[in-house]
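Those sequence lines, one after another, are chains A and B. The first sequence maps to residues 831 to 1015 in the working numbering. The second sequence maps to residues 72 to 613 in the working numbering.
The hints are simulated quantities; they were obtained by calculation from the structure and are not laboratory data. Think of the CB as a built atom: it goes at the ideal place given N, C-alpha and C, for glycine as much as any other residue. There's no promise every hint is true.
Examples of chain B residues toward chain A, derived with CB under 7 Å [to be verified]:
#1 ALA176
#2 VAL249
#3 LEU298
#4 PRO305
#5 LEU306
#6 TYR352
Listing some non-contacts, in silico: residues in chain B with all C-beta distances to chain A over 12 Å [as the list claims (entries may be wrong)]:
#7 VAL79
#8 ALA83
#9 GLY114
#10 ALA260
#11 VAL276
#12 GLY280
#13 ASP295
#14 LEU312
#15 TRP314
#16 LEU317
#17 PHE386
#18 ALA395
#19 ILE402
#20 ILE406
#21 THR581
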Amino acid sequence: MIAQATRRAGWLGDRTLLGVAIFVGSESIFFLSIVVAYVANRDAGLGDARATLDLPRTTVFSLALFASSATMARATTTLNARWLLATIALGGIFIVGQGTEYARLLAAGTAPSSAMFGTTFFTLTGLHGIHVLVGLAALAALGGSTAARAVAVRPVAWEAVALYWHFVDAVWVVVFSVVYLGTKL
Amino acid sequence: MSAVSLWVNRPAGTRAAGWLRTVDHKEIGVLYIGMGIAFFALGGIEALLLRAQLATPQEHLLDPETYDQIFTVHGVTMILLAVVPLIVGFANYLVPLMIGAADVAYPRLNALSFWLSLLGGIVLYFSFVAGGAPDAGWFSYTPLAERPFAPGAGVDYYILGLAVNGAGTIIGAINLTVTILLMRAPGLAISRLPLFVWMTLVTSVLILGAYPALSGALVMLFVDRQLGGHFFDPLASGQPLLWQHLFWFFGHPEVYIMILPAMGMISEIIPVFSGKPIFGYRFVAGSSVAIAFLSFGVWAHHMFAVGLGTAETLFFSVTSMAIAVPTGVKIFNWIATMIGGRLRLATPMLFAIGFIAMFVIGGLSGVSLAVVPIDLEVTDSYYVVAHLHYVLFGGTMLGLFAGAYYWFPKMTGRLLHEGLGKWHFWLTFAGFNLTFLPQHWLGVSGMPRRVFTYAADTGWGPWNLVSTIGAAMLAIAMLVFAVNIVRSLRGGAIAGDDPWDGFTLEWATTSPPPPENFARLPEIRGRRPLWDQKHPDQRDVA
């Protein structure tokens, strides 16, 4: 009910949502600059890094992150903490997956300093990973204050966190495509 | 009687939060302006050191290493720690007042913006005591800024300082954008916004588009320097030119970030002191939007000399000439506003007219640099130094001085002294031209920028001496301004609410305004709500 009312008042008419939307817009340019650097350096061994990467497993972890956008959308329409927990769990699975990919690469000698692939891979996926962690913290804060307060948290707070979370997800669509799908053996 | 604390007109019995804890947009605006003035003084001292070193051939006041640090920090300071905070400070103070709001959209975030911006400046200056300041120029080109060629920690402080400062500026731009879009008083449509607010909106959008690209480039340079990365390292098939592209994708919009708010200021001042509404309001606002769009498509004109290829060179040459068109439109708007007006040549107006004259010179030398053959001849020479100072000092700083004289009475309740103001103006005007006009000739006769000294037989000595004398005169002008501020704060003439017979809402409240800004707002039915209230028989046609 309340969520419906917010939506009718208009997305761009809300101070919080408009601020987060603009923030996300400027973050897009930040990521774009790193993606541009990635693409510009493609010929330095980035385009044929398929053998170095674990594509099948990362695909599974990526699907977890993509699915978390759906659970987050459910969370904002229902204002139900269980959907929030599901989102956190899926986001957590993604982060753990990225962690194992990092561990495997580092063990195999691929580091930020080893070659151009290591530099660009760890920078781009690392910056995305930091954003996922920030998103998880925001989800946890939202869940925490929902549980702790007698008065319901304003629906707009759910929408604001959701907006950021969808952004983090969308960035991964681009990063996954460029880093993983755009490679050949 | 209300206890008039400086800057905010507080009701008796209420206590200020104090400068450290304040979230009032007016006090944060004053903090920003204070930061800008402090760093402007530091950057000015650095400029004087550079000019003293260059006064005569073969001087040894500064050694080459120190000279590199000083010109690097001078550039970063003036652009990011002086001009931008001054602009954001005025915007912070004035935008809510001009749109009839009680504060900005996010007051606490506003405080965060300021403290981050200041922290960034402190981090940068900490480098002086931590083993050496950055010395690779304000744009820190790679590979020069990479670890093998800049082994000290200076560039790392540059990276951290700029990243933190930039985060503050981005957050501030979000705040101002949302404030302008959502917090306007009833009746104040976008098409009725004061032009300073328009320029602040356009500038904020430019910050949001440009600064993140710098942040991205800084992160990559940090990875290269601290984690052994290879983004800009040619030996590992990295791309040094990528840094230049990303830096100028930020750096050229940054020029408009610095000039548009000053244009907004004189677009407020010239109509009031001509006793007429602005000529062609829609063109002033619309041309700024055009500038904003174009400014993201001109960055590589800083890079003609690297050999971009014919198509790219032509593209960036044409866009760089095109951006002069909406800029030129504004010049005609201001002149047409003055024609037929009853001009009052008070200090704010003198600085505004000075802005137009000096900015035309800087604009024309800018167009000449868009002509590729000329650029190739004078790139990296004092011609470029002269050009950029005509735009940034002759333009932005004169505009900011105009704004300072115009709005000081609103902020403090007291007028700045007119006599000292005129001294300030004429000394600045003469000193500025003496400093920078000869640098055109030095550049054309081949003096490269950023050299710490030069041989006597180059013939560059006399004009360098003139330039240094001009810089000394500028320093005296700034001292006159400082004296004026200190004296006027203590005993300046009481301004009253509306000392200039103003048009816009900030003059419809007390000087300084109360914490909530307005007891009552005039009815807003046009672009000049206060004028309409004062002259109901001569209302603007809305």
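Verification of the supplied hints:
1. Hint status for B:ALA176 relative to chain A: holds, with the closest Cβ pair at about 5 Å, below 7 Å.
2. A least Cβ separation of about 5 Å between B:VAL249 and chain A falls short of the 7 Å threshold, and the interface hint therefore holds.
3. Interface restraint check: B:LEU298 against chain A, minimum CB-CB distance 4 Å, threshold 7 Å, status holds.
4. Using the Cβ-Cβ criterion of 7 Å, the hint placing B:PRO305 at the interface with chain A is not satisfied: the shortest such distance is roughly 11 Å.
5. A least Cβ separation of about 11 Å between B:LEU306 and chain A goes past the 7 Å threshold, and the interface hint is therefore violated.
6. At a threshold of 7 Å, the smallest CB-CB gap from B:TYR352 to chain A is about 25 Å, leaving the interface hint violated.
7. The beta carbon of B:VAL79 is kept farther than 12 Å from every beta carbon of chain A, the shortest such distance being approximately 23 Å.
8. For B:ALA83, the requirement that its beta carbon stay farther than 12 Å from each beta carbon of chain A is met, with the minimum near 32 Å.
9. Listed as outside the interface, B:GLY114 is consistent with that label: its C-beta sits roughly 27 Å from the nearest C-beta of chain A, beyond the 12 Å cut-off.
10. With a least beta-carbon separation of about 15 Å from chain A, B:ALA260 lies farther than 12 Å from that chain, consistent with its non-interface assignment.
11. With a least beta-carbon separation of about 9 Å from chain A, B:VAL276 fails to lie farther than 12 Å from that chain, contradicting its non-interface assignment.
12. The Cβ of B:GLY280 does not lie farther than 12 Å from every Cβ of chain A; its closest approach is about 6 Å, which violates its non-interface assignment.
13. Its closest Cβ contact with chain A, about 8 Å, brings B:ASP295 to no more than 12 Å, contrary to its assignment away from the interface.
14. Not every CB of chain A lies more than 12 Å from the CB of B:LEU312, the least distance being 9 Å, so the non-interface label is violated.
15. The claim that B:TRP314 is not at the interface with chain A is violated, since a C-beta of that chain comes within 12 Å of its own (minimum 9 Å).
16. Not every beta carbon of chain A lies more than 12 Å from that of B:LEU317, the smallest distance being close to 6 Å; the non-interface claim is violated.
17. Non-interface call for B:PHE386 relative to chain A: holds, since the shortest CB-CB distance, roughly 18 Å, exceeds 12 Å.
18. In this structure B:ALA395 is separated from chain A by more than 12 Å, as the shortest Cβ-Cβ distance comes to about 26 Å.
19. No beta-carbon of chain A is positioned within 12 Å of the beta-carbon of B:ILE402; the least distance is around 31 Å.
20. With 12 Å as the threshold on Cβ separation, the claim that B:ILE406 sits away from chain A holds: the shortest Cβ distance comes to roughly 36 Å.
21. For B:THR581, the shortest C-beta to C-beta distance to chain A comes to about 27 Å, beyond the 12 Å cut-off, and the non-interface label holds.
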